[in-house]
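Colleague: Place chain B on chain A using the hints.
Each protein sequence line maps, in turn, to chains A and B. Residue numbers for the first sequence follow my numbering, so the first one is 371 and each next one is one higher. Residue numbers for the second sequence follow my numbering, so the first one is 380 and each next one is one higher.
Derived by calculation from the structure, the hints in this document are not laboratory data. Honestly, I wouldn't trust all of these hints.
List time: in silico DSS-like cross-link candidates among lysine-lysine, alpha-carbon distance up to 27 Å [as the list claims (entries may be wrong)]: (1) A:LYS511 to A:LYS489; (2) A:LYS529 to B:LYS474; (3) B:LYS476 to A:LYS550; (4) A:LYS441 to B:LYS489.
Computed far set for chain A versus chain B, every beta-carbon distance over 10 Å [said to hold, decoys possible]: (5) SER434; (6) LYS441; (7) VAL485; (8) GLY519; (9) ARG595.
A virtual CB, placed ideally from N, CA and C, is assigned to each residue, including glycine.
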Amino acid sequence: MKVLIIIPAYNEALNIEKTVKDVITNTNYDYLVINDCSKDNTKEICEKNNFNVISLPINYGLTSGIQLGMKYAYNNDYDVVIQFDGDGQHEAKYLKDLVESIEKGTNIAIGSRFVTKKKPFSFRMLGSSLITAAIKITTGKTIKDPTSGMRAYDKKAIKEFIINASLTPEPDTLVYMLKKKMKIEEIQVEMKDREFGESYLNPIKSMEYMVNMFLSIIFIRAITRSKNIK
Amino acid sequence: MTITLRIILVILSVISFILCVKKIKESKLKVINSVTWMIGSFLFVFMSIFSSAVEYISSKLGFMAPVNFVFLVIIAFLLVQNFIDNIRISTLSEKIKDLNHYIALEDYKKNNTSNDN
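Chain A with its partners taken away, still in its complex shape (with noise of 0.2 Å):
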């Protein structure tokens, strides 16, 4: 299986040398870093490092970068996409385990934290288990941890991602394929506090986030089709 990892990065300059050299050590699967039009010097060092890294000229936010990922994946043939965080939050050594699930035939496969052990309660896990729960409401399916970043994509999944542009990294994206019969299977990984740089999510942005994955799963993405109109 022709596996690819795609790495986002933006404003990634302190962790991103330490997160490639992970996955390069770690698996043996081809990897792509996407750089969103950093700030920092996050380009010269994967520049210097000789990363395979593909730069994009304007910034464009993590959906971009992800869909950007698969055109590329696409294009090259890969069977399996792997999202993998740039920050140094998620480990390397799990994503053979990904792969194997893909391998014996779900369409996604997602790395998370929730499988064995239980959620800690916190303000964050509180939104986490709100999407759950809507997720549970609108297909039935139990996934434990749907904001986790680290997720594996087959062929199929892959394929969706290219038709339909509306399609971001989050978890209402997990409700469409859900609606469109795909297995997803959960698999249990560890992964650390961010050690370097600022996460994106302030109190404002994590409402916004929430209302916006509500309004998607429930208005949205709830009553997607099976089938492909042509």
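Modeller: Relative to the frame of chain A, chain B by itself:
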């Protein structure tokens, strides 16, 4: 409708119409985008000329005063205009995103072939 309101409507319509034509001549506005504005200004001129018709419709629809009906029409017109603009912005944003991706992929190809040689 009071005579003041009718005069204001006509003046504003004429100004917006002239502005539209001027901007098209300066090629700062596309003809297709100006159509709604032109239709709007004609509509408001008609409303001020045939004010008795406006009064008839507004009383039939149960408005307390014809001016309320006029405002409602203007608000509806602006909302539609706003919605059309939103769609345009989204379309443009998608196009820019595609261009952004295209440039990035071309750059990537160029860099990689030059490295190989």
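Colleague: Are the Cα atoms of LYS511 of chain A and LYS489 of chain A separated by 27 Å or less?
Modeller: 18 Å, holds
Colleague: Hey, LYS441 of chain A versus LYS489 of chain B, does the alpha-carbon distance stay inside 27 Å?
Modeller: Roughly 17 Å separates the two Cα atoms, so the pair holds.
Colleague: Minimum C-beta separation from GLY519 of chain A to chain B exceeding 10 Å: can you confirm that?
Modeller: Correct as stated: the minimum Cβ-Cβ distance to chain B is 20 Å, above 10 Å.
Colleague: Against chain B, does SER434 of chain A keep a CB gap of more than 10 Å to every residue?
Modeller: The claim is violated: SER434 of chain A sits with its nearest Cβ about 5 Å from chain B, within 10 Å.
Colleague: Are the Cα positions of LYS529 of chain A and LYS474 of chain B separated by 27 Å at most?
Modeller: With Cα atoms ~20 Å apart, LYS529 of chain A and LYS474 of chain B stay inside 27 Å; holds.
Colleague: For ARG595 of chain A, is the shortest CB-to-CB distance to chain B above 10 Å, so the non-interface label stands?
Modeller: 22 Å, holds
Colleague: Just want to verify: LYS441 of chain A was marked as not at the interface with chain B; is every Cβ pair farther apart than 10 Å?
Modeller: 6 Å, violated
Colleague: Are all C-beta atoms of chain B more than 10 Å from that of VAL485 of chain A?
Modeller: Check passes; 34 Å lies beyond 10 Å.
Colleague: Does LYS550 of chain A lie within 27 Å of LYS476 of chain B when you go C-alpha to C-alpha?
Modeller: 26 Å, holds
Checked against the numbered hints above, the structure breaks hints 5, 6 and satisfies the rest.
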